[in-house]
Amino acid sequence: MAFVKAQKSRAYFKRFQVKYKRRREGKTDYRARIRMINQDKNKYNTPKYRFVVRFSNQDIVAQIVSASIAGDMVLAAAYAHELPHYGVEVGLTNYAAAYCTGLLLARRVLKALEMDEEYEGNVEATGEDFSVEPAESRRPFRALLDVGLVRTTTGNRVFGALKGALDGGLDIPHSDKRFAGYNKESKQLDPEVHRKYIYGGHVAAYMRTLEEDEPEKYQSHFSEYIMRGVDADGLEEMYKKVHAAIRADPTPKKSEKQPPKEHKRYNLKKLTYEERKAKLIERLNALNAAAGDDDEEDDD
Amino acid sequence: MPAGHGLRSRTRDSFSRPFRKKGPTPLSIYLRTYKIGDYVDVKVNGSIHKGMPHKFYHGRTGRVWNVTKRAVGVEVNKQVGNRIIRKRIHVRVEHVQPSRCHEEFLQRVKTNDKLKAEANARGEVISTKRQPKGPKPGFMVEGATLETVTPIPYDVVNDLKGGY
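Chains S and B, in that order, give the protein sequences. Letter by letter, the first sequence follows residues 1 to 300 of my numbering. Letter by letter, the second sequence follows residues 301 to 464 of my numbering.
What the hints contain is simulated information worked out from the structure, not anything from laboratory work. Treat the hints with care, as some may be off.
[Stated by the list, open to error] Result set (BS3-like, lysine-lysine): computed pairs, CA atoms no more than 30 Å apart in a straight line:
1. S:LYS21 <-> B:LYS350
2. S:LYS48 <-> B:LYS355
3. S:LYS48 <-> B:LYS369
4. B:LYS350 <-> S:LYS5
5. B:LYS350 <-> S:LYS43
6. S:LYS48 <-> B:LYS335
7. B:LYS387 <-> S:LYS19
8. B:LYS378 <-> B:LYS350
9. S:LYS43 <-> B:LYS429
10. S:LYS19 <-> B:LYS410
11. S:LYS8 <-> B:LYS322
12. S:LYS21 <-> B:LYS343
13. B:LYS410 <-> S:LYS43
14. S:LYS48 <-> S:LYS21
15. S:LYS27 <-> B:LYS416
16. S:LYS19 <-> B:LYS369
17. B:LYS410 <-> S:LYS14
18. B:LYS321 <-> S:LYS5
19. S:LYS48 <-> B:LYS321
20. B:LYS436 <-> S:LYS27
21. B:LYS387 <-> S:LYS43
22. B:LYS321 <-> S:LYS14
23. B:LYS416 <-> B:LYS387
24. B:LYS369 <-> S:LYS43
25. B:LYS433 <-> S:LYS43
26. B:LYS335 <-> S:LYS27
27. B:LYS350 <-> S:LYS48
28. S:LYS48 <-> B:LYS322
Being a predicted model, the structure only gives us computed values, none of them experimental.
Next up, chain B with everything else stripped away, as it sits in the complex (with noise of 0.2 Å):
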C-alpha cells in the first residue's frame, strides 16, 4: 500500500511534543496578547488539536492581521510554482509564538530617535545610518627577523644514509 498524503502526513516528528514537555501546556501561551502588524512564528503544538495550520506553515513567520476570540489571522508568504503568494491563515495562539525577528529593529528604532532628541537638544545634525564593515586599518608587523634561506649542495653520502 503506497504512503498517502493525508493533510498530518510526514509530521510525526515535526507535530510531536519536545522530549519530557509533553501533557498540559504553559499558561503564559494564552495570556499572551497579539496587536494587528506583529510578526509571529508558527510552531505546531501537537497536543492541542483544534485551529492546527497546515504541516507547510510549521516554522513560518509572518504578520498578524486578524484577531479573533481563540486564534489570531497570520499572513505567510508561499511560493506557489513561479511566484509568491501572500496566504492568510488563522491559527490558534497555542500553535503562535511572537517573532524576534523584528526586535533588533524595533530597538535600534528607540536609540534613534534617542539619539536624534539629544543631537535636536544640542543643535547638530547627526547621521543614525548603519555603516558596513570597512576593511581592516593598516598595522605593521611586530617582532619579525630575517631569515634567509639558500640551497645547499646535493650531498649522496649523508642523504642516501637514511633510507634506501
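Pulled out of the complex, with its shape left as it was, chain S reads as follows (with noise of 0.2 Å):
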C-alpha cells in the first residue's frame, strides 16, 4: 500500500524545477559566489580577482580566477601535480605540498605581470603572518581566497595554499587565525608550529614514531616515500630545494601530447541542418516518382 502511494507522477515533474546545474552537482555554493563575484558597479570593468584552491584525493589546483558572463577566465594556474618538476614526489596533497602550490601560482603570476622583481615576498618561510607591503610604482597584484565548500577549520589545508600565496607576494586580505598553530586560548598564531606544518614537520614526525613502533605500517604506509628514498629527516631539506626552485623558474613546462587516437564509429553521426534538408527533398522526389508512376499506370 504505502509503494503505491508515494508515486511521482506527471504532474510532479511539470512543477519541478531543478537546482543549478552546479548546485546539483554539489560544486558551487551560489550564495557565496554571488558575494564575491560582486563588483563594485562605480568600478565599471575593473576585474575582482579570486585565489580558488580546491583539493582532490591525489591533487590541488590553485586558480587564479576573474567572472565574466561568457564564463569564468584563468588568469593562471598551478596544480600540484606539476612539483615533480621542482623536486617533489610523494606526498601532494599535504600542507606543505599545498604551501609549495600556493607559492608557484602567486611567482607565475607576478612573472606574467612582470611585476616579480619587485614583489619578492617571504624569501624564508618562517610561519609567521606575513603581509605584503605595497612598492613604489605598482600596488600588489590583489585577490580573494575562494575555499569552496571546503570546512574552514583551523590548519586547514587550503590556508597551507593561502600563506604560500602571501609568501609568494600576493595581496590576499587574510587573518592569522585559521593558520596551522593558531592557539585559541592565548589567541595568537605559534610561528614555530606553523613553520613545522610548512616543512611537513608533522609528516615527519609521524614517520618518526612508526619508524619506531610499527615499522610494518611504516613500511606500508610510507612505501613511496621509502622507494624514493625520502626520510624523516631529509623532508625540511626537500621542501627548501623546492621553494628555492620555484621562485627560480615558475614557468608552467609544456608536455608534448599525441594528437587523439581515431576510434570506429558504433553509432550514426548527426546529420546537419542541410543533410536533412537534402535527404526530405530527395524523399519527396521519389515519392513524387513513385506517384507519377502509378499515375500513368491507373490512366493506361
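Dock chain to chain to rebuild the complex, using the hints, since each chain is given by itself in its own frame.
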C-alpha cells in the first residue's frame, strides 16, 4: 500500500524546478559566489580576482580566476602534479605541498604580469604572519581567497596554500586565526608550529613514530617515500630546495601530447541541417516519381 | 477591514518570480556594467528585498544618472496631475535590465557613419535620412475575364418550387 501511494506523477515533474547544475553536482555555493564576484558598479570593468584552491584526492588546484558573463577566465593556474618538476614527488596533497602550490601560483602570476622583481614576498618561510608591503611603482596584485565548500577549520590545507601565495607576494586579505599553530586560548599564532607544518614537520614526526613502533605499517604507509629514498630528516631540506626551485623558474612546462587516436564509430553520426533538408527533398522527389508512375498506370 | 494602500500593495503578481525561476538569481545580473546615460528597464526581482523601487516604476524605462556601489540611479518620467516630472530613483542592479529601446538607433548610427565614410572616400554626397514608406506602385491586374451580369425575368413556377 505505502509503495503505490508515494509515486511521482507527471504533474510533479511538470512543476519541478531543478536547481542550478553546479548546485545539483554539489560543487558551487551560489550564495557565496554571488557575494565574491559582485564588483562595485562604480568600478565598472575592473576585474575582481579570486584565488581559488580546490583539493581532490590526489591533486591540488590553485587558480587566479576572474568572472565574466561568457564564463570564468583563469589568469594563471598551478597544480600539485607539477611539483615533481621542482623536486617533490610524494605527498602531493599535504600541507607542505599546498604551500608549494600556492607559492608556485603566486610566482607564476607575478612573473606573467612582470611584477616578480618588485614583489619578492617572504623568501625564507618562517611561519609568521606576512603581508606584502606596497612598492613604489605598482600596487600589489590583489586576490580574494575562494575556498569552495571546504569547512574552514584551523590548520586546513587551504590555508597552507594561502600562506604559500602570501609568501609568494600576492596581496590576499586574511587573518592568522586559521593557520596551523594558532592557539585558541592565547589567541596567538605560534610561528614555530606553523613553520613545522610548512616544511612537512608533522609528516616527519609521524614517520619517526611509525618507524620506531610499527615498522610494518611504516613500510606500507610510506612505501612511496621509502622507494624514493625520502626519510623523515630529509623532508625539510627537500622542501627548502623546492621553494628555491619554484622561485627560480615558475613558468609552466609544456608537455608534448600526441593527437588522440581515431576510434571506430559505433553509432550513426547526426546529420547537419543541410543534410537533413537534402534528404527530405530526395524523399519527396522519389515519392512524386512513384506517384507519377502510379498515375500513368491508372490512366492506362 | 478595508484593503490598505501600503508600499507593496497590489503587487502579489507583479513582484512574484516567474514559474520555475524561483530561488537564486543568475550571476550575469551582477556582472553587467552600467554607464551614465544608458537606457535601462526597471523590472523588480521579488526575491531581492533590498533596493526595490516603488511598484509604480515596475516596467518603466529611464536613463542612468548615477552609479554607486551596488545600485544605479535611474531618471524616469512620471505623470503627476497635468505635467510630467523627471523622477530620480536609486535601484539595486538586480531590479534593472539594459533596455533595447535605444539599440536600433545605435545600430543605425553605426551603419550611417560607415556609409558616410565610404561616400566621402568616393567624393559623393549621400543622404542617410530615413524616408517614410510611400504609396504602393501601380500594377496591371492579371488574368481578368469579363463577366456580364444581367437580370432575368421572374419565373413564378420554378422559383416557388423551393419552399412555401
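Here is what the structure says about each hint:
{"no.": "1", "hint": "S:LYS21 <-> B:LYS350", "verdict": "27 Å, holds"}
{"no.": "2", "hint": "S:LYS48 <-> B:LYS355", "verdict": "33 Å, violated"}
{"no.": "3", "hint": "S:LYS48 <-> B:LYS369", "verdict": "14 Å, holds"}
{"no.": "4", "hint": "B:LYS350 <-> S:LYS5", "verdict": "43 Å, violated"}
{"no.": "5", "hint": "B:LYS350 <-> S:LYS43", "verdict": "21 Å, holds"}
{"no.": "6", "hint": "S:LYS48 <-> B:LYS335", "verdict": "19 Å, holds"}
{"no.": "7", "hint": "B:LYS387 <-> S:LYS19", "verdict": "38 Å, violated"}
{"no.": "8", "hint": "B:LYS378 <-> B:LYS350", "verdict": "23 Å, holds"}
{"no.": "9", "hint": "S:LYS43 <-> B:LYS429", "verdict": "38 Å, violated"}
{"no.": "10", "hint": "S:LYS19 <-> B:LYS410", "verdict": "41 Å, violated"}
{"no.": "11", "hint": "S:LYS8 <-> B:LYS322", "verdict": "21 Å, holds"}
{"no.": "12", "hint": "S:LYS21 <-> B:LYS343", "verdict": "26 Å, holds"}
{"no.": "13", "hint": "B:LYS410 <-> S:LYS43", "verdict": "27 Å, holds"}
{"no.": "14", "hint": "S:LYS48 <-> S:LYS21", "verdict": "24 Å, holds"}
{"no.": "15", "hint": "S:LYS27 <-> B:LYS416", "verdict": "53 Å, violated"}
{"no.": "16", "hint": "S:LYS19 <-> B:LYS369", "verdict": "29 Å, holds"}
{"no.": "17", "hint": "B:LYS410 <-> S:LYS14", "verdict": "45 Å, violated"}
{"no.": "18", "hint": "B:LYS321 <-> S:LYS5", "verdict": "29 Å, holds"}
{"no.": "19", "hint": "S:LYS48 <-> B:LYS321", "verdict": "28 Å, holds"}
{"no.": "20", "hint": "B:LYS436 <-> S:LYS27", "verdict": "62 Å, violated"}
{"no.": "21", "hint": "B:LYS387 <-> S:LYS43", "verdict": "25 Å, holds"}
{"no.": "22", "hint": "B:LYS321 <-> S:LYS14", "verdict": "13 Å, holds"}
{"no.": "23", "hint": "B:LYS416 <-> B:LYS387", "verdict": "38 Å, violated"}
{"no.": "24", "hint": "B:LYS369 <-> S:LYS43", "verdict": "8 Å, holds"}
{"no.": "25", "hint": "B:LYS433 <-> S:LYS43", "verdict": "46 Å, violated"}
{"no.": "26", "hint": "B:LYS335 <-> S:LYS27", "verdict": "34 Å, violated"}
{"no.": "27", "hint": "B:LYS350 <-> S:LYS48", "verdict": "23 Å, holds"}
{"no.": "28", "hint": "S:LYS48 <-> B:LYS322", "verdict": "27 Å, holds"}
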